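Turn these sequences into a full structure, and let the hints guide you.
Residue 304 in my numbering sits at position 303 of the sequence shown, with consecutive numbering throughout.
Everything labelled a hint here was simulated from the structure, so no lab data went into it.
Keep in mind that a hint or two might mislead.
Below, a list of computed lysine-lysine pairs in the DSS-like style, where the Cα atoms sit at most 30 Å apart [claimed, not checked]:
{"id": "1", "residue 1": "K245", "residue 2": "K11"}
{"id": "2", "residue 1": "K245", "residue 2": "K165"}
{"id": "3", "residue 1": "K225", "residue 2": "K165"}
{"id": "4", "residue 1": "K360", "residue 2": "K330"}
{"id": "5", "residue 1": "K117", "residue 2": "K11"}
{"id": "6", "residue 1": "K11", "residue 2": "K360"}
{"id": "7", "residue 1": "K45", "residue 2": "K127"}
{"id": "8", "residue 1": "K127", "residue 2": "K110"}
{"id": "9", "residue 1": "K360", "residue 2": "K165"}
{"id": "10", "residue 1": "K11", "residue 2": "K225"}
{"id": "11", "residue 1": "K117", "residue 2": "K165"}
{"id": "12", "residue 1": "K11", "residue 2": "K110"}
{"id": "13", "residue 1": "K117", "residue 2": "K225"}
{"id": "14", "residue 1": "K225", "residue 2": "K45"}
{"id": "15", "residue 1": "K45", "residue 2": "K245"}
{"id": "16", "residue 1": "K225", "residue 2": "K245"}
{"id": "17", "residue 1": "K165", "residue 2": "K45"}
{"id": "18", "residue 1": "K165", "residue 2": "K11"}
{"id": "19", "residue 1": "K45", "residue 2": "K11"}
{"id": "20", "residue 1": "K45", "residue 2": "K117"}
{"id": "21", "residue 1": "K165", "residue 2": "K110"}
{"id": "22", "residue 1": "K117", "residue 2": "K127"}
This one's a predicted model, so the numbers in the text were calculated from it and none came from an experiment.
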Amino acid sequence: MEENYRLIAKTLQSLEPVLAQELEALGATDIEEGRRMVSFAGSKEMLYKANYHLRTALRILRPIASFHASSPDELYEELRRLDWGQWMRPTDTFAFDTVVYSETFTHSKYAGYRAKDALADYFREKHGTRPMVRLDNPDLLFHIHISHEEATLALDSSGESLHKRGWRMAQTEAPMSEVLAAGILLMAGWSGETDFIDPMCGSGTLLVEAALIARGIAPGSFRKRGFAFQRWRDYDAELFEQIKVDHSGERTFAHHIYGSDSSMEAVQIARHNVRAAGLTDEITILHRSMQQCPAPEAPALIVTNPPYGERLRMRDAEELYSMIGERLKHNYAGSRAWILAYRPEHFDHIGLRHSARHKLLNGALECELRAYELFAGKRDDFKRRDRERDRAFRPERPRGERSERPRDERRDHRSTSDRPRRDWEERPRRDRDNRPRRDRDDRPRRDREDRPKRRYDFVDEGARERKQEGGKERTFAPRDEHRRPKRTSSPRPEGKPREERAGLWPNDRFKYRDEEGRERTRSRRFTPLQSFGSEGKDKE
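Put into structure tokens, the structure is as follows:
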């Protein structure tokens, strides 16, 4: 029985769930999703299959050592103790790829230099010679990942990145990655059950990847440089040959794939790539814009990557995405569309309501992928038809015995007899402030003696003494003359009219000179009180 060990598949951001589903379908076990990676357990056969069949993986790594390293010198000592002879020979070439998330290691290249020194010193001491460093396509590529003070050494089994399938002969200005294209198609649920349309195909990446998925062709079958594990000391050539000649996963494709582009140069490049992949029978590419594309005969899947970013001006982008929304609405009713764009306002110009969206990373740009359910007529009618269709296929729930009494005579007014009884009288009700209502008996009574007495601001202090003397009780009384506040200003003489200030307070007016030098008076601010004095202002 073959030995199982831990493996790591690296991928793009947001494609981890898609890669995990691929690994599960491939037969991997103990699958765990991480950040831009998915770890799993497998044997040497699973390692070969993962490199040959996975569509959304960038590299397959095999961790070979883990240790603690708090400084570059400690990293050197730990790597110096390893038995490098079990993985490589003195005549092999090597390189280190280092990723550092630590305050101790301030530069990732310096950590790679210390790792190179440890490997070279090991072979110089054991064999008197050392392997040579080769940055481009070395025999063995080692990955060092340092997180704080924990280091992991892994062996790269892929070599060149897996997104380089081998079928791309030419490319346009900004081509999409093959891994990203395959991930978008798998997220869209593409399996070859309908026609596929890309009205802005560019170099044809989505078209070729869609055909490979529909036919079940392994993406590694076009690779010319091979894989890094073919240069390992324990490479099993017979086992890998059995994996390559196994075509049990391939199938026939009963539908067709259509692509178009307004640029003749892009059309020629896409046709060249389709011929290199041997998929001319499945893919047809035409030189026409999206406005000129006819409506499909049957519902299809539309996936496209319109121009965006630095290649498109803002005004041109608004016109382009408005046209895309208009064409999708009137020309592709009954189909499903997936659009990848860079800015949220691009989707606003499309003018359609999306049914799903995902954040993706296209190179260095943070993009968004949105799905649209295209239909003719109103959205409410479309959703009503979906509900009726789901209701027809919904399993019928077993019901209990129905009551013979009329529904109006039932106490709980239940629509079905098998639902639990709900007593509305025992349901806790709340008032407007969301506080539970108290029972009627729990409210305070007016004749309760323990209620606090109300205190008043103006109380006759001598009322209590007069009551004791037999006088009439008077709870409220005006203040005495000597207790009243004194007037701060002199009273207005009788007969003198009140000065009209147009509803303004004295300190709310100030004088200024207009452009002609005349003296004017206006208010500092306007308040609701000033509206009552508009007549006085006109008199002035």
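To see whether the hints hold, each was checked on the structure:
Annotation: proposed proximity of K245 to K11 holds, straight-line Cα distance about 22 Å (limit 30 Å). For the hint pairing K245 with K165, the CA-to-CA distance comes to about 18 Å; that is within 30 Å, so the pair holds. Taking the CA atoms of K225 and K165, the gap is about 10 Å. The hint holds against a cut of 30 Å. For the proposed pair K360 and K330, the alpha carbon gap of about 24 Å is at most 30 Å, so the pair holds.
For the proposed pair K117 and K11, the alpha carbon gap of about 23 Å is at most 30 Å, so the pair holds. Restraint check for K11 and K360: the C-alpha separation of about 18 Å stays at or below 30 Å, so the hint holds. Between the alpha carbons of K45 and K127 the distance comes to roughly 29 Å, so the proposed pair stays at or under 30 Å and holds. In summary, the hint linking K127 to K110 is supported, as the alpha carbons are separated by about 26 Å, within the 30 Å threshold.
A distance of roughly 23 Å separates the Cα atoms of K360 and K165; the hinted pair therefore holds under the 30 Å criterion. Distance restraint check for K11 and K225: the Cα-Cα separation of roughly 21 Å lies within the 30 Å cut-off, and the hinted pair is therefore satisfied. Taken as a hint, the K117 and K165 pair is honoured in the structure, with Cα atoms around 27 Å apart against an allowance of 30 Å. Pair hint K11 plus K110 holds up; C-alpha atoms about 21 Å apart against a cutoff of 30 Å.
About 29 Å separates the Cα atoms of K117 and K225, which keeps this hinted pair within 30 Å; it holds. As the CA atoms of K225 and K45 are separated by approximately 21 Å, the hinted pair is consistent with the 30 Å bound. For a cut-off of 30 Å, the pair hint linking K45 to K245 stands: about 15 Å separates their Cα positions. In summary, the hint linking K225 to K245 is supported, as the alpha carbons are separated by about 13 Å, within the 30 Å threshold.
Under the criterion of a C-alpha separation no larger than 30 Å, the hint pairing K165 with K45 is consistent with the structure, at around 23 Å. For the hint linking K165 to K11, the alpha-carbon distance of about 14 Å falls within 30 Å, and the restraint holds. At roughly 18 Å between alpha-carbon atoms, K45 and K11 fall within 30 Å of each other, so this suggested pair holds. The suggested pairing of K45 with K117 holds, with an alpha-carbon distance near 27 Å, which does not exceed 30 Å.
In summary, the hint linking K165 to K110 is supported, as the alpha carbons are separated by about 25 Å, within the 30 Å threshold. Between K117 and K127 the alpha-carbon distance is near 16 Å, which keeps this suggested pair within the 30 Å criterion.
Checked against the numbered hints above, the structure violates none of them.
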